[in-house]
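Protein chains: 2
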Amino acid sequence: MRQAGRSLPEYFDVRGDGSILDAIRVPDRATEITLQPVRRYGVDAAILFSDIVTPVWAVGFGIDITPGVGPTCDRPFRSADDLQRLRPLDLDADLGFQTETVRNLVAELDVPLIGFAGAPFTLASYLIEGRPSRDYAKCKALMMGQPELWHQLCERLADLAIGTLTAQVEAGASAIQLFDSWAGALRPEHYREYVFPHSSRILSAMGDLGVPRIHFGINTGELLPQIAEAGADVVGVDWRTRLSDARERTGGTVALQGNLDPALLLAPWPVLEREVRRVLDDNGGHPGHIFNLGHGVLPQTDPDQVKRVVELVHDIGRAGR
Amino acid sequence: MRQAGRSLPEYFDVRGDGSILDAIRVPDRATEITLQPVRRYGVDAAILFSDIVTPVWAVGFGIDITPGVGPTCDRPFRSADDLQRLRPLDLDADLGFQTETVRNLVAELDVPLIGFAGAPFTLASYLIEGRPSRDYAKCKALMMGQPELWHQLCERLADLAIGTLTAQVEAGASAIQLFDSWAGALRPEHYREYVFPHSSRILSAMGDLGVPRIHFGINTGELLPQIAEAGADVVGVDWRTRLSDARERTGGTVALQGNLDPALLLAPWPVLEREVRRVLDDNGGHPGHIFNLGHGVLPQTDPDQVKRVVELVHDIGRAGR
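Read top to bottom, the protein sequences are chains A and B. Counted the way the numbering used here counts, the first sequence spans residues 1 to 321. Counted the way the numbering used here counts, the second sequence spans residues 322 to 642.
What the hints contain is simulated information worked out from the structure, not anything from laboratory work. Just so it is clear, the structure is predicted and the values come from calculations on it, not from any experiment. One thing to keep in mind: the hints can contain errors.
Derived, one-sided and incomplete: chain B residues facing chain A with beta-carbon distance under 8 Å [claimed, not checked]:
| hint | residue |
| --- | --- |
| 1 | A458 |
| 2 | E543 |
| 3 | W560 |
| 4 | T562 |
| 5 | L585 |
| 6 | L587 |
| 7 | P589 |
| 8 | V592 |
| 9 | E594 |
Where a beta carbon is used, it is the ideal one built from N, C-alpha and C, also for glycine.
Just chain A, same shape as in the assembly:
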């Protein structure tokens, strides 16, 4: 469960105020924050505490994470000149803190560590819009109006993703997750033309490293076949699409991850229990399912609710469903 930490009091104790990047770039803090939800919830894997913009930030594009807003750029990506602000990664100099965090974690954890990166569409949307967007209007206008520049941008972003993921795997991460959280804003033909080649290149490079690859987005009901085809071993399914439908659309070739609506963690326990069982029942006992939320934990979530869900899923799993 990504961002599981942000509903935990112990998270805010360690993280402090200011940009989340101030916690990400300090290995001791990032290590501790990664461990917190594993300790509290007993989940089956840890996910590195970082952010999808970390590599873009590390090469000095000029991006920050503004508390209460999200990723923001003072000078958004506008023209070919801005490509220079996305130079190749120097893994040691730029992401040494992350490598150290991963090594610390692998030494401490007795569950697998999942590394991750942002996919080109989602990152490009922040770079072009300069902040979170509802309509991706500037992003799509550049994508459709200047396709060469769009592809150049995505190539650089794919290189950054391959760089950070490779570093994480080499430092000991057991699996990787590629977050294309907002790709569901595109129709299938546009995804195919403008996004698929880049995400596919990243996932293919990870396949060469031999690690399992999870490919995640929300609102991706119509894109699931392509998201699977791009090279995923596991496809994230938000709560809108039933697992049974997702299984059909992906042709049974991949495992699925999801798909509880995170808002349900705010419902009373009997409702939440019913809904967890609904997801598992809809999965029909298929072994290729990683139970998870369909998106990040909402900040106002009561950690005890998360804990009960983890216990319930473990109980049902042990009972041999």
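Model the placement of chain B on the given structure of chain A, informed by the hints.
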């Protein structure tokens, strides 16, 4: 094209600053604003200038439309006591201005006028959240945690929708559109249990009046069968779902409306032209298609781009596709 006006300079001349409700409640202004896009673009129908919150505002719930934000409530809906703030409509006293606007329009227009209302889920989301939401967390928590109260709220909202729509039809509107813009935030089982009965009741009442019924939402790819089944003659399809897929999911029982991505109006004309043709080609010449955007016109849209799209669609239509 709903909200077509908000990219027009003549709209801002008439509307002035302040809440959009100040323009909606003055028949001469609302009439003029409704006519503007018809005059400028030569579209085949007009849609009443109003807002989905108009009836809720008119009965004194305490809702406004804050410029740059959207619908806001100082005292959001929290408990059964708040039901009292949703008294039944007195059509003449509460919505007399709207009836006058519709009568004016029907007298002036030589194309059909489409009336509309907000559907219970989308309205409830504003009333409960108190403002536009990304996650509908409070709304879903109330829906799942207090289902009786949820259904009582939706019954009142359905009554308001039936009231305003009936008044619009009796004053001369030729068709109605039910906007459940945000219903796509729900998974199919939840839509069925918490939303379908209420939207279905509204659409059934409109069927009794004998007017064509358009049922619209975005992100509704997984809900299309139910949105059709709720009683629509026409189902809106945003740009994420291809018309060919939507046709399959709705079993060919309804006409479809859409499905150009509004962001494409910001792309250069050759791209926009290609994309309009893509939508029409995907429709495959099926007669049950109302060409439209998949969602509202973005404010930064150049009106000339809209005009060219209308002309292109008309040209292709006349050529007998």
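Discussion item. So, against the hints stated earlier in the document, which numbers end up violated here?
Written reply: Structure breaks hint 9 only.
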